[in-house]
Structure formats: C-alpha cells, structure tokens
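Protein chains: 2
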Amino acid sequence: ISTSLLFQSHIIFLSLGLKWLNMKFSEALYTIDSALLNEKFVKAPEGLYEPIDYTLGNGGKRIRPSLVIMACDLFSGEIVDAIKPALGIEIFHNFTLLHDDIMDNAPIRRGKPTVQTKWNDNTAILSGDAMLIKAYQYIATTPAEYLEQVLDVFSRTGLLVCEGQQYDMDFECRNDVSVAEYMKMIELKTAVLLGAALKIGAIIGGAKRSDALNLYRFGTDIGLAFQLQDDLLDVFANQSEFGKKIGGDIVSNKKTFLLIHALEKAEGTTKAELNRWLAATEYEPAEKIAAITGIYTDLGLDSLSREVMNGYYQHAIETIRKICVEPESINDLIEVADLLMARTK
Amino acid sequence: ISTSLLFQSHIIFLSLGLKWLNMKFSEALYTIDSALLNEKFVKAPEGLYEPIDYTLGNGGKRIRPSLVIMACDLFSGEIVDAIKPALGIEIFHNFTLLHDDIMDNAPIRRGKPTVQTKWNDNTAILSGDAMLIKAYQYIATTPAEYLEQVLDVFSRTGLLVCEGQQYDMDFECRNDVSVAEYMKMIELKTAVLLGAALKIGAIIGGAKRSDALNLYRFGTDIGLAFQLQDDLLDVFANQSEFGKKIGGDIVSNKKTFLLIHALEKAEGTTKAELNRWLAATEYEPAEKIAAITGIYTDLGLDSLSREVMNGYYQHAIETIRKICVEPESINDLIEVADLLMARTK
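Chains S and Z, in that order, give the protein sequences.
Each position in the first sequence, counted from 1, maps to that position plus 7 in the working numbering.
Each position in the second sequence, counted from 1, maps to that position plus 7 in the working numbering.
The reader is advised that the hints may include incorrect statements.
Pairs count within a copy or across copies, as identical chains cannot be separated in the list.
What the hints assert, rightly or not - Listed below are the simulated EDC-like cross-link pairs for lysine to aspartate or glutamate, each with C-alpha atoms no more than 20 Å apart in a straight line:
(1) K215 - E57
(2) K262 - E194
(3) K91 - E155
(4) K262 - D88
(5) K31 - D339
(6) K262 - D177
(7) K91 - D159
(8) K50 - E188
(9) K278 - E294
In case anyone wonders, no lab produced these hints; they're calculated from the structure.
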C-alpha cells in the first residue's frame, strides 16, 4: 500500500462534503490507514498478489475497520489488539467487492477498472480467494481468549454476506420480490458486516455479551438506514451535492426499496405506466427518470422511505444508548452514524 | 449428504483395483464418511447452498481428512477432536476443485457436470466462497489450546494452494517453464495440502513440533511422488487398469514433468519433431500420442521419472521413520502411501 494513501480516507470524507470529522473516528481512521500502510501484500506470484494490493490500495472510506477500533475503545483503553482484526474486516469487505464485481460484470470500482477488467476473470476469482484467506489470517491475530468468539462472529457474518449476494442475484430474475424480502437482502448484504465490525471490536475490548449484542444491532440498523438513504439519494438527491449521476437505479431497473414498493402499491394506469417504462428498451433516460420519479412521488414513496429510514435510525440510537458505558463515549459512535447518514448538526 | 454415499469412498478404492484397505485407514475413512453424513449444508438460499451439498456429495477418495484422523491417532487415542477439522480440510479441498473448474473451464468433475455447468459461473464463484468460509468454521472447532497453531497452518497452506494454481495458469502461457519451477508448482498446488492434513492431525493429537514437521514433509513428498506418478500413468499406464483414456495430457499439450523435461533435453531432429507435434492443429490423436511417447522413451524420460518419483517416495519413508512413535503405527501411514502409489505388497 503506497504512502500517498495515508489520509486518503479522510480526503474521501471531505470530498463527500462532510466538513468535520469526529475526533475519535478521525483517530481510528488514522490508526487503520497507518496500519494498512505497514502491510505488504505483493510477493511472488505477482499475478496472485498484485490485484490484492491494487484492491486494498484503491481507497474506500475504511468505515468498517474504524468501527472495530471505536467499539474496542468503548470498553478498553488498549486498542492495539483490535488493529489487525480490524484490517481483517476491511480485507474481507474488499474481497466481497472484488467477487461481486465479477458477478455483476462491473467495469469500474471507485473510479478505477475492476480487477477482472484490468486483469481477467480468473485472476479476480483467485486473488479474491487469497484475500478471503488473508482476511482470516488477520482475524486469527485476535488474542487467544477472544479468538473462538471472534472467529465465530466473522464466519457466520461471512456466510450471511454470501447469502445476501445470492438473494440479490436471485431477485434480478424475479418480478415479485416483496419489501420484506428486500429488507432481508440488504440486511444480509450490507448491514450485518457493519454490525459484526462493532461486535468484534466490542469482544476484543472485553465488552459483556449484552453490550456487544446491542452494538451489533446498532450497526445493522444504521446499515439498513444507510442503504435506504442510498436508494433515496439515487432518485431525490441534489445533483450538485451528489457524487454519482442521479437516476442510475431507475435507468437500470434496479430493484430498490422505491421500485419494489411502487410495484406493490401502484394500481390502474399508474401500474401500466410503471410496467411500460420497465419494459421499454428505447427511450430518453431523462424522460424515464422523470416519469418514474413522478410515480414515486405520487405514491408518496419519498416520504415513506424517509419514515422507514428514520425508524431504523431512531431504533439504532435507542439501542446504543442501552450500552453500559459513559453516555459521552456513545456520542462518538452516534456522530459517525450521523456522518454516514449525512446528518449534520 | 445422502446416505448412499456412506462407504462410497471405500467403493472408489475398490474400483481403483486396490484390493485391500489398511485397517486404520479404513476406520478413518468410515469416521469421515459417517461424520459427513451428519452434516447439513442445504438451507435457504438454495442457490448458494445446494451446490455445496452437490460438490461434497459427489464422492472423492477422502484421502486428506482420513490423513488428519490417522495422524491424530498416531499421538492420541482420542480422535474425536480431529473429526470436524478433518472435514474442514475436505471442504477446503473441494472448494479449490470448484473454483479451479471455473478457471479451467472444466465441464466434468468425477463423472458429473461441474457446478458452473449445472448452474452457472456466478453460482460457482459464490458457493465456492461460502465453502471456504464453511471450511474455516470446521477448522475453528479445533480445541482452544491448538486453535491458533492449526489456523496458522491452514491459512498458510490455503495461500500456498492459491499460489500453486496461479503458477499453473501462468505456465500455460509460457514455453520456458523449468523442471524446478514445475516441481515447485505441483508442490504448492497438490502436495502441501496432504502435508498440512497430516500436520494438523498431529497438532490436534498433541504431537511435538518435530514430529508434526516430519509428518508434513512425509505428506508433501508423497504428494510430489503421487503427482509424478499421475504424469507417468497418463502416458505409460496399462489401458485396461487405467481409469482415464491414455494420452490425454499429450493431446492437450499439458505441461507435465515428461513434457517439460523433453523440452529441456530434446535436440536436433527430435526437438523439431516435438515442436511440430506441439504446434500441430490437425492430426490423428493416436498418432500424436505414439510419436510423443516414442520421444519420451528415446530420451529415457520414463525411467528418469520413475527414479525421481522413487526418490521422493524413499525420502518420505525415511522422514516418517524419524517420528517418535511405535514403528508399527507408522506402518499404517506407509501403507496408505503405498495404496496411493498403487504399490501392492
């Protein structure tokens, strides 16, 4: 990992328009960035290890490993034991992106060619496998007294993430996905790893079982709220503040919370119009985006989405407040959640 | 895993014309088959877990997990602690076959369609990932006092196996692979996992470090000898006793020990003839097989291969004899090596 990457995660946050960084979070990010800098991934055969370095060096917000550090810090002043396991979580996360990009045939990730584009599919498969094993090597540095417990959380979460990706692929060929199924899918694919990062940090920090569990729930609820926000922003974001092009999900018929709800709720001519746009093969993208956005608004899905999202957020905050530590140290994690949800004070 | 599979591994050995089975090995096989029978892999989403059941239920000789059990048994009467870790080794081995089959575009494995043929590439990638995580879950059941050590051997071996596969793919596009490089590749791709199976069994059995290491070396040497035998049998086997069609490696220009040696040793008209056959696109397979077999024989490569193979075998036997246990219990493992090398007494 090259030195130019130090603070890169900070720069990403600043470029997202997030003008302040919580101090504890900033420290955790710095710890992770510095630790990653000291790791050497490239060795022979280069065809196997270079893509790992490329993937890990390609940025990312380093949210998950920072959460491991912050959760550990809640219960123990000694975060050093959590650093390598935290990197294990980040390596695992990047492994899932690498393999997902093959399955989704994605050409670009974080503004750069994906591994299967820069190299080829076989390289992406095999380097991903090696990354998953590497992730376990980092997780295995957990102090002996917590190793069994941390391994258990890590492996169970890993399988859940695979299940989430499988459901996501299954849903592509189905037109009858329910909102409940969608929520389950995003919970598995996105939310549980945020929960697991916090739980693993808590375990290494010596937290009691109920506190670790409440952190897990806080993480998954924030993850769900974050994913719903992602679905909302694709349609209703302010283009000048939004990094991506608005309406990408609409153009690709992506089954988001909004579309699945619309398919459930729309009736009569609205339903016919929705189905016509979904089936359309030749159209002006801007026209499709405007039409479907109109349907979402008419059905009240923007406010419904915000309501559900706020529900998860509020539940997350209630849950984390139950943890037996100084209320002030809890505030640091809540601020990170706010940062993720782009809620500025 | 369905009940019809119980004893299937025994039937495979009998069908290979191996008329006797060492008692300890037979017991270990039975332990593994029975344990595998009790494991449930299928749950929702079926698209993820069915291919795992399919892969694990598709037979195989169960050599590696049986070696875990036998190695543990050398040092401890209590093999029960080794059973689940042994299954972890078998699941890992089958994961590598699953992903290798995608990379090699192989339509058939053990007489049945490969996962990417029966389902598709994405399913094969994702189910393989889940299998690797499952393998770790089984390895993680190792008793706490040995867990760190076993995890370390398992992860390091896993990375070596990935390296072996990478070298194997790299070699396909190269015409200057040396014999030393080839030996390194087969050591990584095939031999180290046999060594690791024995070492992990030994560790769980409470073996001292030097004994575990000598078992590892015994396993890798037998693995190398076995792979050289595989290369030899493809060309020089008795067709009536050989399961596959003779000459498959020759027809596909596979870079075996024989071909790499021939490319190094052949000169003048022999070299020209060899290169002509390697470049040929239209030919009668039997003619190519006869011609290249003739070149191998003329260059003395059949006896050279046997010599090198026997060297590894003898070295393996010398190494295992150094282990501090009753010489008779060593004999069981030597008999398994003989069984693998089809050396009948």
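Hint check results:
1. K215 - E57: Answer is neither: 40 Å inside a copy and 37 Å across each miss the 20 Å cutoff.
2. K262 - E194: This pair counts as within: shortest intra-copy Cα distance 15 Å, inter-copy 47 Å.
3. K91 - E155: Classified as both; 16 Å inside a copy, 15 Å across copies.
4. K262 - D88: neither (41 Å within a copy, 46 Å between copies)
5. K31 - D339: within (7 Å within a copy, 59 Å between copies)
6. K262 - D177: within (11 Å within a copy, 40 Å between copies)
7. K91 - D159: both (17 Å within a copy, 15 Å between copies)
8. K50 - E188: So K50 and E188 pass the 20 Å test across copies only (16 Å; inside, 43 Å).
9. K278 - E294: Classified as within; 17 Å inside a copy, 67 Å across copies.
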